[in-house]
Each structure stands twice: as C-alpha cells, then as structure tokens.
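Number of protein chains: 2
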Amino acid sequence: MAYELYYWDGLQGRGEFVRLALEEAQAPYVDIAREPGGSARMLEIMDGDGEPCPPFAPPFLKHGDLIVPHVANILLYLGPKLHLAPKDDARFLVHGVQLTIADLVTEVHDTHHPLSTGQYYEEQKEAAKVRATAFIDERLPKFMRYFERVLEQNPHGGRHLVGDALTYADLSMFQVIDGLHYAFPRATKRFGEHYPRLAALCDAVAARPNIAAYLASERRGGHNESCIFRHYPELDKTVR
Amino acid sequence: MAYELYYWDGLQGRGEFVRLALEEAQAPYVDIAREPGGSARMLEIMDGDGEPCPPFAPPFLKHGDLIVPHVANILLYLGPKLHLAPKDDARFLVHGVQLTIADLVTEVHDTHHPLSTGQYYEEQKEAAKVRATAFIDERLPKFMRYFERVLEQNPHGGRHLVGDALTYADLSMFQVIDGLHYAFPRATKRFGEHYPRLAALCDAVAARPNIAAYLASERRGGHNESCIFRHYPELDKTVR
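In the order they appear, the protein sequences are chains A and B.
Numbering that gives the first Met the number 0 numbers the first residue of the first sequence as 0 and each following residue consecutively.
Numbering that gives the first Met the number 0 numbers the first residue of the second sequence as 0 and each following residue consecutively.
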C-alpha cells in the first residue's frame, strides 16, 4: 500500500523532510498535490466534516485509513517502517532532535514573517530585518553549535546524530542546512569551517545513492520565495 | 523509579504540560528545579560534554538513563505508561493534536517576543502589538475553530479530542486555554459562547479529582510575566 503525501504543490517546504525519508528508503509513495485534482483532495480531507481528527495543516501522510499530521509525527510513524529509526528507546532521542529541527524551521520562517503570516513579506520588511539579524547573530549559531555538539558527543562517532546508523533526523538536518545555504549564502559562507561535522554529515547524505538520484531528478523541486527558505539578500549578512 | 522533570524554576511554562499528565496519573515524579541544586543539575545535563544527545532546552524528562526532550516527545513517552494515550495507531492522532498545541504555544510566546528572544518585551513593544493583534484576529480563531471541530467530529462524541477516553492532549488543551484566559482576558471573554465544546472540555479537566487537587496545591505555580502566557493589557483586545 503506497504512502500518500499531502502537501502544497510547487514547494519543497515542510513536505521535503518527508520526501527525503521516502526517497532514501525507496518506499512507494504518491505526492498527491502533483496528481490531477490532488490539491482539491487535500483540502477535502482538511476541511471536510467527515474526518475524525482532521489535520490542521499540511503536510500530512495518509496510509490506509490513518492520517498522520506534522512532519515530526510522520517521520515518527515512518521511521521504523523505513528502517530510518531505532526501535528501542533511542527513538525518543531521534524524535527529540527532529523536534528541535522543527523549531529551527519555524524560526527560519519567521525571519521573513515576524509579524503576521496573513501579510506579505513586503508588508513587514523592517521587522523582518530585525528578526533576521537576531536569527543570524544569535539563534542560528545557538542551534548549529548545539547540533555540532550532538554529533561530537555521539558515543558511536560523529557520522550520525543519534546512534551508529542513518536516521530520518540526519536526512532532515541535510535539508535544513541546504535550505540555509540557499536563504543565507553570506551567513553560511564559512559553514564548513564553523561546523565541520555538520558539513560532513550533509555531504554524506547528499552522496547516498538514493538521495543523489532524487536530488538530480525532477521530483526535487527548487527552492523559491514562496517557501520557508527564501533568499532575500537584504536579510542576509556576512558572518566572520 | 520516579520520573525526573527538568524545567526552569518559578514558571508554569512548557513544564506545566508535563506536570498535568504526571499529576493526573498520580505518577511519582521529582520537579528537579525545586530541589536544592536542581537548576545547576539541569544545566550540567544540558551543557556537559558527557551526555550522548543532550537536550537543546528544557523541559526534559529523565527516566533512568533515558533523557527525553520536548514537551510533545515527553508526553509521547509517558502517554502509554500513564494510561493517557491509546496504544494503537490512534496514538499518532493524539501526538498530532499535541504538536498543533505546541505550535499554538510558540505563537502565543511570539506575541510578546516577535523580533528577538534575546531582547526584553519592552524593547519590541510596537512589533508585539502588531503581532498580538494578528494573533487575536486571525490565528487564535483559526486554532480554536480547528480544535472545536476536532471535538465535534470525534465519532466517540465531543468529550475528548481523540477517542473515548482522556488523553494527555485533553490536559494540554486545558492548560493552553487557561493560559489564554490569563494572557488575553478581553479576547477570551466570550470564549464559552464561541467554543462551547472546548470550554466544556476545560471544565471537565479542571473538575477531575487529581487535577482539582493539583490546581489547589502549592505545586501549581501561578501565571506570571516571565512565562509564555503573559498578561500585558496593551496587547489584549475585545473580540465580539
């Protein structure tokens, strides 16, 4: 039974964290929004009155009758099935890292939308500049130093965030860093010097055969300014 | 073996979602920050170089050698042990609701800190007024209509968010609404008229013997302006 991924069309967005896991595992899935009538089906599930516990927002995963909302929750569900998470209590560590990544993603989003999600970026540019500066100066190094330390303190060596094998959190870490490079090329120019373990993890993920094939395929959409990771040069700044 | 809850002292904050679950289940737990030297022990775990996969931020739960970070993850771990979550796939629905609650909590926090967590509220009051207005006008009704609809569409009746029995998500829903009443008394004045099922859920949770005893105890700290739910009258507004 194929997994059905429901997410907005034309965006990497939060859906991309799920796609990377499905692609790495070569799991059968349908990206519903890319099917004819797919976006309408997504809204039907969200807004219809027939669904017990409808999702608040995309992405969500449908597998049989079960509908699982939220990236971290979807990966929690998929993790053991796709062999991308441990089955013992270490799964709570992987999930914890994923939730920290989710918090970082929200903070990246808020660099261009600090005041209201209902307004365009252009309507909140001044506030965005303040928030993006605080993000680059304080929050980004706080998160990245933390993730670098997680790799450093992994008793199995620094090749993975948790344990001695690839997990969905490693794939998501790649996606966040890739997005940060797109959105903030000046702030991340010396990323590899500042965070060598994270940079090596990213390279290792990108070089995995299934991920490399996916990244080169048409299924991998590009970054753009309708998404979470947006390149607005005026929000970027050099980091020494 | 008692659960150890690590969180900042003197705050309900995110720790309170965990406390409510532990109190409802009458589970043995130690609120570490309230013990002598507790805060130092918390920082040791977070900042020490000996911990595999240290937590990024409080709250976290220590149970034996396992350290579980993030409210939703802690409740995921505790849920089946405390009989506050189903053991079948419906656990992903409960976790999904909890993650939507977590997103709401972040948005509440950002009403008073829209630009930078490193600055005081007083340094970002103007932006806070814009964000709080958008929150009250757009985001709060979007979230609350959604949660009301989750109750309405529960095929087991509208007494619980998921299924036919109390879960940790019901307890967390109570906590959010309680906090919103404190932070935004004018915006929530007609809460019971607008969201009758949610109001009834809150009353039912508050009336549960273990929760009622907890709320009346010294263990329940008050709301205050160092926390997520802050009462700044200038950010509040009447909702018709």
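Derived from the structure by calculation, the hints contain no laboratory data.
Incorrect hints may have been included.
Put simply, identical chains are the same to the list, so a pair is met inside one copy or across any two.
Using 27 Å as the maximum straight-line C-alpha spacing, the simulated BS3-like pairs for lysine-lysine come out as follows [to be verified]: (1) Lys124 with Lys61; (2) Lys124 with Lys86; (3) Lys86 with Lys128; (4) Lys141 with Lys61; (5) Lys128 with Lys61; (6) Lys124 with Lys188; (7) Lys80 with Lys188; (8) Lys141 with Lys80; (9) Lys80 with Lys124; (10) Lys188 with Lys128; (11) Lys86 with Lys61; (12) Lys124 with Lys141; (13) Lys128 with Lys80; (14) Lys236 with Lys80; (15) Lys124 with Lys236.
Results for each hint:
1. Taking the shortest alpha-carbon separations for lysine 124 and lysine 61, neither the intra-copy value of 37 Å nor the inter-copy value of 42 Å comes in at or below 27 Å.
2. When the C-alpha separation of lysine 124 and lysine 86 is checked against a cutoff of 27 Å, the pair qualifies neither within a copy, at 45 Å, nor between copies, at 47 Å.
3. When the C-alpha separation of lysine 86 and lysine 128 is checked against a cutoff of 27 Å, the pair qualifies neither within a copy, at 43 Å, nor between copies, at 46 Å.
4. Taking CA atoms no more than 27 Å apart as the test, lysine 141 paired with lysine 61 passes between copies only; the shortest distance there is 23 Å, against 35 Å inside one copy.
5. In the homo-oligomer, the alpha carbons of lysine 128 and lysine 61 never lie at most 27 Å apart, since the shortest distance is 38 Å inside one protomer and 39 Å across protomers.
6. In this assembly of identical chains, the alpha carbons of lysine 124 and lysine 188 lie at most 27 Å apart only when taken from the same copy (24 Å versus 34 Å across copies).
7. When the C-alpha separation of lysine 80 and lysine 188 is checked against a cutoff of 27 Å, the pair qualifies neither within a copy, at 37 Å, nor between copies, at 47 Å.
8. In this assembly of identical chains, the alpha carbons of lysine 141 and lysine 80 never lie at most 27 Å apart, being 33 Å within a copy and 34 Å across copies at closest.
9. Taking the shortest Cα distances, lysine 80 and lysine 124 never come within 27 Å of each other, neither inside one copy (43 Å) nor across copies (48 Å).
10. In this assembly of identical chains, lysine 188 and lysine 128 lie within 27 Å of each other by CA distance solely inside one copy; the values are 19 Å within and 35 Å between copies.
11. Within a single copy, lysine 86 and lysine 61 get their C-alpha atoms as close as 22 Å, and across copies as close as 19 Å, so both meet the 27 Å cut-off.
12. Taking identical chains as interchangeable, the C-alpha atoms of lysine 124 and lysine 141 lie at most 27 Å apart whether they share a chain (24 Å) or sit on different chains (25 Å).
13. With identical chains, the CA atoms of lysine 128 and lysine 80 are never at most 27 Å apart, being 42 Å at best within one copy and 46 Å at best between copies.
14. Within a single copy, lysine 236 and lysine 80 get their C-alpha atoms no closer than 41 Å, and across copies no closer than 48 Å, so neither meets the 27 Å cut-off.
15. Both within a single protomer and between protomers do lysine 124 and lysine 236 lie at most 27 Å apart by alpha-carbon distance, with minima of 15 Å and 25 Å respectively.
Figure legend: structure checked against the earlier numbered hints; hints not met, in rising order: 1, 2, 3, 5, 7, 8, 9, 13 and 14.
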